[in-house]
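**Q** Here's the letter readout for the chains.
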Amino acid sequence: MYLHVPFCTSRCDYCAFATWTDRHHLHDTYVDAVLAELAAAAARGALRPATSVFFGGGTPSLLGGRRLARLLDAVDRVEGAEVTVECNPETTTAELLDALVEAGVTRLSLGVQSMVPHVLRGLGRHHRPDQVRRAVDRLGAAGIERYSVDLIYGGFGEQDADWVATLDAVLALDPAPTHLSAYALTVEPGTPLWRDPARHPDDDVQARRYELADDLLAAAGLDWYEVSNWARPGHACRHNRTYWQQGDYLGVGCAAHSHRSGRRWWNVRHLDRYLEAVARGGTAVAGEERLGPDEAALEALQLALRTRDGVPDHAFPPDRLARLEDGGPLGPLVERHGRRLVLTRRGRLLCNVVAGDLLPRTLTISAG
Amino acid sequence: MIDPRRIRNFSIISHVDHGKSTLSDRILELTGAVEARDMREQYLDSMDIERERGITIKAQNVRVHWRDHILHLIDTPGHVDFGYEVSRSLAACEGVVLLVDASQGIEAQTLANCYLALEHDLEIVAALNKIDLPAADPERYAAEIEAVLGLPADEILHISAKTGQGVDQLLDEVVRRIPAPKADPEAPARALIFDSYYDQYRGVVSAVRVVDGVIRSAGRVRFVQAGTVHDIEELGVRTPVPVPIAELGPGEVGYLIAGVRNVGEARVGETVTDAARPASSPLPGYRDPKPMVFCGLYPVEGDEFPDLREALEKLQLNDASISYAPETSVALGFGFRCGFLGLLHMEIVRERLEREFGLSLIATAPSVEYVAHLTDGTTRHVDNPSELPPAQNIDHVDEPMLRVTIVTPSEYTGTIIDLCQTRRGRQERLQYLSAERLELVYLLPLADVVVDFFDQLKSRTKGFASLDYEPAGLETAQLVRVDVLLNGQPVDAFSSIVHRARAEDYGRKMAAKLRELIPRQLFDVPIQAAIGGRIVARETVKARRKDVLAKCYGGDITRKRKLLEKQKEGKKRMKSIGRVEIPQEAFVSALRLDE
Numbered sequence: 011m012y013l014h015v016p017f018c019t020s021r022c023d024y025c026a027f028a029t030w031t032d033r034h035h036l037h038d039t040y041v042d043a044v045l046a047e048l049a050a051a052a053a054r055g056a057l058r059p060a061t062s063v064f065f066g067g068g069t070p071s072l073l074g075g076r077r078l079a080r081l082l083d084a085v086d087r088v089e090g091a092e093v094t095v096e097c098n099p100e101t102t103t104a105e106l107l108d109a110l111v112e113a114g115v116t117r118l119s120l121g122v123q124s125m126v127p128h129v130l131r132g133l134g135r136h137h138r139p140d141q142v143r144r145a146v147d148r149l150g151a152a153g154i155e156r157y158s159v160d161l162i163y164g165g166f167g168e169q170d171a172d173w174v175a176t177l178d179a180v181l182a183l184d185p186a187p188t189h190l191s192a193y194a195l196t197v198e199p200g201t202p203l204w205r206d207p208a209r210h211p212d213d214d215v216q217a218r219r220y221e222l223a224d225d226l227l228a229a230a231g232l233d234w235y236e237v238s239n240w241a242r243p244g245h246a247c248r249h250n251r252t253y254w255q256q257g258d259y260l261g262v263g264c265a266a267h268s269h270r271s272g273r274r275w276w277n278v279r280h281l282d283r284y285l286e287a288v289a290r291g292g293t294a295v296a297g298e299e300r301l302g303p304d305e306a307a308l309e310a311l312q313l314a315l316r317t318r319d320g321v322p323d324h325a326f327p328p329d330r331l332a333r334l335e336d337g338g339p340l341g342p343l344v345e346r347h348g349r350r351l352v353l354t355r356r357g358r359l360l361c362n363v364v365a366g367d368l369l370p371r372t373l374t375i376s377a378g
Numbered sequence: 081m082i083d084p085r086r087i088r089n090f091s092i093i094s095h096v097d098h099g100k101s102t103l104s105d106r107i108l109e110l111t112g113a114v115e116a117r118d119m120r121e122q123y124l125d126s127m128d129i130e131r132e133r134g135i136t137i138k139a140q141n142v143r144v145h146w147r148d149h150i151l152h153l154i155d156t157p158g159h160v161d162f163g164y165e166v167s168r169s170l171a172a173c174e175g176v177v178l179l180v181d182a183s184q185g186i187e188a189q190t191l192a193n194c195y196l197a198l199e200h201d202l203e204i205v206a207a208l209n210k211i212d213l214p215a216a217d218p219e220r221y222a223a224e225i226e227a228v229l230g231l232p233a234d235e236i237l238h239i240s241a242k243t244g245q246g247v248d249q250l251l252d253e254v255v256r257r258i259p260a261p262k263a264d265p266e267a268p269a270r271a272l273i274f275d276s277y278y279d280q281y282r283g284v285v286s287a288v289r290v291v292d293g294v295i296r297s298a299g300r301v302r303f304v305q306a307g308t309v310h311d312i313e314e315l316g317v318r319t320p321v322p323v324p325i326a327e328l329g330p331g332e333v334g335y336l337i338a339g340v341r342n343v344g345e346a347r348v349g350e351t352v353t354d355a356a357r358p359a360s361s362p363l364p365g366y367r368d369p370k371p372m373v374f375c376g377l378y379p380v381e382g383d384e385f386p387d388l389r390e391a392l393e394k395l396q397l398n399d400a401s402i403s404y405a406p407e408t409s410v411a412l413g414f415g416f417r418c419g420f421l422g423l424l425h426m427e428i429v430r431e432r433l434e435r436e437f438g439l440s441l442i443a444t445a446p447s448v449e450y451v452a453h454l455t456d457g458t459t460r461h462v463d464n465p466s467e468l469p470p471a472q473n474i475d476h477v478d479e480p481m482l483r484v485t486i487v488t489p490s491e492y493t494g495t496i497i498d499l500c501q502t503r504r505g506r507q508e509r510l511q512y513l514s515a516e517r518l519e520l521v522y523l524l525p526l527a528d529v530v531v532d533f534f535d536q537l538k539s540r541t542k543g544f545a546s547l548d549y550e551p552a553g554l555e556t557a558q559l560v561r562v563d564v565l566l567n568g569q570p571v572d573a574f575s576s577i578v579h580r581a582r583a584e585d586y587g588r589k590m591a592a593k594l595r596e597l598i599p600r601q602l603f604d605v606p607i608q609a610a611i612g613g614r615i616v617a618r619e620t621v622k623a624r625r626k627d628v629l630a631k632c633y634g635g636d637i638t639r640k641r642k643l644l645e646k647q648k649e650g651k652k653r654m655k656s657i658g659r660v661e662i663p664q665e666a667f668v669s670a671l672r673l674d675e
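Just so you know, the sequences run in chain order A and B. Here the first sequence is numbered in our numbering, starting from 11 and rising by one per residue. Here the second sequence is numbered in our numbering, starting from 81 and rising by one per residue.
Bear in mind the hints are in silico, worked out from the structure with no lab data behind them. A few of these clues could be false.
Claimed, not checked - DEER-style ranges, computed between Cβ atoms:
| # | chain 1 | residue 1 | chain 2 | residue 2 | range |
| --- | --- | --- | --- | --- | --- |
| 1 | A | Gly341 | B | Arg600 | 14 to 24 Å |
| 2 | B | Glu314 | A | Glu299 | 50 to 60 Å |
| 3 | A | Glu299 | B | Pro386 | 34 to 44 Å |
| 4 | A | Glu198 | B | Arg460 | 55 to 65 Å |
| 5 | A | Thr39 | B | Glu427 | 56 to 66 Å |
| 6 | A | Glu345 | B | Arg600 | 19 to 29 Å |
| 7 | B | Gly613 | A | Asp214 | 30 to 40 Å |
| 8 | A | Asp170 | B | Arg600 | 38 to 48 Å |
| 9 | A | Asp233 | B | Arg600 | 27 to 37 Å |
| 10 | A | Gly341 | B | Ser539 | 46 to 56 Å |
| 11 | B | Glu427 | A | Ala228 | 43 to 53 Å |
| 12 | A | Asp170 | B | Lys622 | 17 to 27 Å |
| 13 | B | Arg460 | A | Arg330 | 51 to 61 Å |
Quick reminder that beta carbons are idealized off the backbone N, C-alpha and C, glycines included.
Here chain B stands alone, though its shape is the one from the complex (with noise of 0.2 Å):
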């Protein structure tokens, strides 16, 4: 058993882009973890859209050497949709790595994590990086975070992780300053289960930090919540390479794989005791994460729809912050509403659909979920736009919230105010972190962040402002249901729920829209807005009156016949509502987010 005063566990907390994955890779090799020669750049980020995205979505852990201690480097995902899996790592922790870029200063989403830090009660080595660049100013960011944090500006390291420079002085401070686990070696055995994934060869692997007493692998162990006993199949530590070890101690990292096939039967925040002698009460756990965003996902090819059934069982082993429900559109046919954390999230779990498993989809416009009050007097949750219910019977509906908390040069105040209010935000804060960057904290409806809120940011400050956000609760709103109809025939997918006073622009906006991308058809085609049977908007696709080859040149009747054939390929991704064929590409841009 390691004595528990040699261990240090730690998380590195960082904004995308300061250089959490370079600092990670050259701990390994600094440590001797990964020989020079196996090193490749994001060591630790194993999925391939991570690696090329430069962010890390699951947490990850490493046991290194570092002269005689031994650390465990927790990581942390860096994007703002994974926030609860941030806090769920620093549970596993006694301290962290604050890292930040030396030419950009603390982002706000790196200050939400270490209020999280310091609510925990964990100790901050802060490190400032990437000193190498001329455009670094460890100076100015140093009294920036020393203002903002309250932590000694001379304590703050200055290091290069590109380089190397300053990484083992870091790593010194680490086991100095960090404290170690505080542990009962004799208590009865408890563990924390603080990640968990899905290896198609293995089933379940979790990332397991012992807080008291002893795991050993050739016992049996219970998960005190889900009240289940399993053998221990295997019980080790990444080094990174997984090593198969006979017992865990007090204040050890490691994994453990025990027979589960489905992340949901090892739960995050589950307590994991010795089965022969088990802790009397659990650990405390987390709540899970809830779905904050919603789309409705639709094969191409209708035939697709059970591979795209069995994928999503596929990812949702591995991660169960996914949900998802049948649905059927009368324009996309049949599909699933799915739910994910935000819409990086969502946008991942497209990806991997389509990249992991070959399946080519239509996802629908995100939308949040609301509560109907109806004037029954019962209440009904609606993630789907078309499904709330008609006006008349609404008494009021609620929509949830978001607490959004900005960090910007000031230069770009003016312009992100602007978006605030036109999104129906309210501030609640504005604070200077230093004389040139400061904090804003607006409330607003999630409906309006969804909707390319982050990417407006982005452009208007010019990729300065940075953003984190957590839920707010919910709030009454004037909401309304805008639908569009073709030929006099709604469709379902088009729908969307809109605040009362931009209703009509938002009807016009899309049928206008939609009259570009719908090809013309041998009739005239009808593009309707309406807004509880009143209608707002109103544009024709006008009949399609030529589509014919004029002229067959010199004989090149193959010319001609491969013409015919790429337009009945064509055909066959149209998807038909009533006599209107749609192809998909008008569906993906109608749907898409840019205004």
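Isolated chain A, as found in the complex (with noise of 0.2 Å):
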């Protein structure tokens, strides 16, 4: 289950995510809006207990703690589930935390984004580096073992040695994060920052940053597990597998998606709509795609191909598969672990060469 919550205090320049930062008089407006959404779900059938719940925005800690536990109530849960908040560190009181705690909140997403006071002005950001260790402080006084953070490298006026020093501070934080999501910079259309391009990454840049981090991050014991995610044995985020895994999953919010069996739909996008669209039906479905499949099944090559677990090897056309033994760029990309292939740290950079090299073009489901 995943519950979009659509406000923040300022937008990022490089966000491009359904979020306002002019309509904080509507947080119990979107609240009840979400738990018709919810209940005309259940009205279906379509609610399974959910496996794991995720809090996305936006800024999640923006709605209070007891917002957000009047969602969580409403989301029948199988045992042991994992729950997580993203929360931004300026937000991230005590009370806010014994309420999440107190709601069955068991995981936290901090955004982080950068140790570095500059780093983070660049980005847009307003909180300061001595705010994320207050709020880790806070996080181990509640109890909150599993927590994860979020960075972002490549930002404007970035060098490797401020990048570095984020991944030190982080990994210093007392109680350490047990999962990190390192995001390269995007350059998102309509954003700001795409409209300065000065301020544009370079490729090459945010590839040396990635090494950094992936170094750094092995030593401390963070291994990567998918492209942009590292984590402790034991403590990748269920939730995001649940996507590269091809799960069904149910969003619920604005912008929010989902997807069933080969079916993805996604909510209308904007606050208001959205708003508007429940109130005259309990639902606000967008628009929708149903997979084949053939298609399904290559969706699945491409997002596995993204995890460690890799792709079984007789899912490359045997041609191509040719292609990483013929001396050429593309064999130093690929790893053989056992019968599965396997992203090599320079291929998980390549990581869209690799699926559109090797992966087959389209995919016939043999029978049997």
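Assemble the dimeric complex from its two separately framed chains, guided by the hints.
**A** Here is the structure:
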């Protein structure tokens, strides 16, 4: 289950998410609407006990403990379900954390992005590194052991040393993060960053930073399990894995995406339109697509390729498999783990190339 | 039979935008040939491209009635590439209307066509158009026409084709001043084909001007030069609607359909005579127009090659001046080396291939036809730079020259001289037409004109200069071939023949340009420019290190899959040169003319 919270105190200039900074008066209205959407789904029989719940945004912590608890209470969960809330360091108060633990939240994802002040400013983030440390202190005090840190690399003005300093500082947090996501700053069309090419990140620099991160994280006991995600053993994000394993999930709230058995659909993106739609009929679906079995199988391969599980070698057409061994440039991108092919570190950085050059263009599932 | 004394045959000579199509429209209206309610702009320009670009490509003719006379208006193409069509249209006329914009004055091409008309001994009725515009200065430009062409200023009419002012008077003057055709009705029939086009339903339709005798629709005709005999399927006149007619008498202009399937078999300049009573000698013909500009045309999708061949065959039915021969490029696959009359012609043909036949094409940089004299005493004609033999086998190379006439306001003289000099030009004449305008004549290598000369001239003179050109033979020049190597492998499509003095600079620019255009591969790609094996420039496209989607937003897998699909689509449009994959757009940009 994914719940989208479309509120932020300010919009970062690289951000293309569905989030608003001027609609804080709608917090309750929005929570009611999401509850209504959930109720409608339940009435349709579309709700199954969730194995994981993820509050993403936006800035879910802005809703406050009481509202988040109301939402979580409405979600039927399996025993031991993973429940994650994304929080910004500056809004992670002791009261919030207590309320979240009380409500059943098992995991936090902290939007740290960087531990270097000038890099944070360049990203348009308003917290300071010491606020991160305090938030982590409170996390420890609240008894939350599993938490993840989100980082972004390649921001304007960031040097390799800044990135190393960020990684060092994050790894030195106490308690230490059990999980880390490091995302290359991506220029999304329409954002202020997009309109300012002088601040666009350089692919080579980002590749180097990725490698720096992978080295430092691995040395600290955090292993990659997906292109942009690292975790201590047993701490991979269950919710995240559902996406890569083509699992079923229901997304509620504006702009949320859902998947069930080859059908993918998504809610209207705009907060106001979402509220109107739910008020009218309890749902707010904007579009959908249905994958045929072949398409779905190909997508499964593309998704699995991003993970440490990799792809079974028989999924590659033989002529393409041969290209891995012909001494050409694709060889160093993939390695064998038994009968599976897994991206090497260079390969992870060129994941799209491997997907495009090695995976079949179309896939026909043979009978049996 | 119409009494030839009641016939007037004339063309309008005019510069692009000086109002010829508008005047034709007004004449059609005024003579009642086209009802006002059926009128549409540029009535005679039948091709979409002509109407869009506001230029006439194919000559048209139309019969109208004016008072008790019959006028044949023979339209001429309005672009310098099609100068040969002007001369053949003039051969069907006894006079011309010289139409000049009263705010612009006479332009280079108009001047050239007027000289042509004077050579044919045609009567010139001059009119200054657009006198309704505030910027019109008819007195000034009448004086200029008098000074340049010797036409008395007080005989020059002032008209507005747009409002119709003075157009009736112009027609009266056409009747009064242009002589009736001199024709012998009793002589064996002789008619001149001055245009042919292919109609997909009717076959070849030829525009004919009867010089002597009578052509009858019931008969059979002989094409004197081709030596073929045809049954007439239809004889008619355009009013402008085609109207079948039983006979075309001396001095008349009409059309002939005679079961010909290919314009090459009813060539312009052909003499048509009565098969039963043939004339003993043909009328003076024309030389076939020779292609001057060449380029390779390749389908973006390799499997469209047969479609491209078919499309070229069809176009040639209608335009015998296109030449094409299959060629193979290592870089671009199978395509055709095509010859055109000029740059506009090239552009129009390419546009028609894409628009009318739904093809998407890559065009190589335009080139000209060089004559290489080899050390073994043989010569080779080279219209594709990559086919120039190695330097050590060449004694010398001749290149085609152009005589370019430019008419310009005098303030731009300096910048035009500068342009012509950087293009290896030699000045032949500099002559004032009036205090403010002058005529410059330069001898320029054609190769240096096909590379954005027109654009440069236009931008340097804010569009005020006009030009005309004619072929001026061959000259020996210090030319070398510059090759471009990608990953050590020469790419034929990027080879170019350049003057020695500029070859290194060209090589450096090309390498630098390609470095920007070629996407990064999984390995470093060296780009080299070489002259006869000597590397003169080197750039490197560094290996790509990152191509991955960082994140999957809130489970939006759909977006990710679409991105990958798009990427794959893009890959299909890649051409591989060795291991280097190059998108079509990179070829197109690299081969674009701008420097």
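**Q** Indicate, hint by hint, whether the structure satisfies it.
**A** Now for the hints, and whether the structure bears them out:
1. Gly341/A <-> Arg600/B: 14 to 24 Å: Check passed, 18 Å falls within 14 to 24 Å.
2. Glu314/B <-> Glu299/A: 50 to 60 Å: Hint holds: Cβ distance 58 Å, inside 50 to 60 Å.
3. Glu299/A <-> Pro386/B: 34 to 44 Å: holds, 36 Å
4. Glu198/A <-> Arg460/B: 55 to 65 Å: Since Glu198/A and Arg460/B have Cβ atoms about 56 Å apart, the given range 55 to 65 Å holds.
5. Thr39/A <-> Glu427/B: 56 to 66 Å: holds, 60 Å
6. Glu345/A <-> Arg600/B: 19 to 29 Å: Hint holds: Cβ distance 23 Å, inside 19 to 29 Å.
7. Gly613/B <-> Asp214/A: 30 to 40 Å: holds, 33 Å
8. Asp170/A <-> Arg600/B: 38 to 48 Å: violated, 21 Å
9. Asp233/A <-> Arg600/B: 27 to 37 Å: holds, 29 Å
10. Gly341/A <-> Ser539/B: 46 to 56 Å: For Gly341/A and Ser539/B the Cβ distance comes to about 51 Å; the hint holds.
11. Glu427/B <-> Ala228/A: 43 to 53 Å: violated, 59 Å
12. Asp170/A <-> Lys622/B: 17 to 27 Å: Given about 18 Å between the Cβ atoms, the range holds.
13. Arg460/B <-> Arg330/A: 51 to 61 Å: violated, 45 Å
Of the hints listed earlier, those the structure fails to meet are numbers 8, 11 and 13, in rising order.
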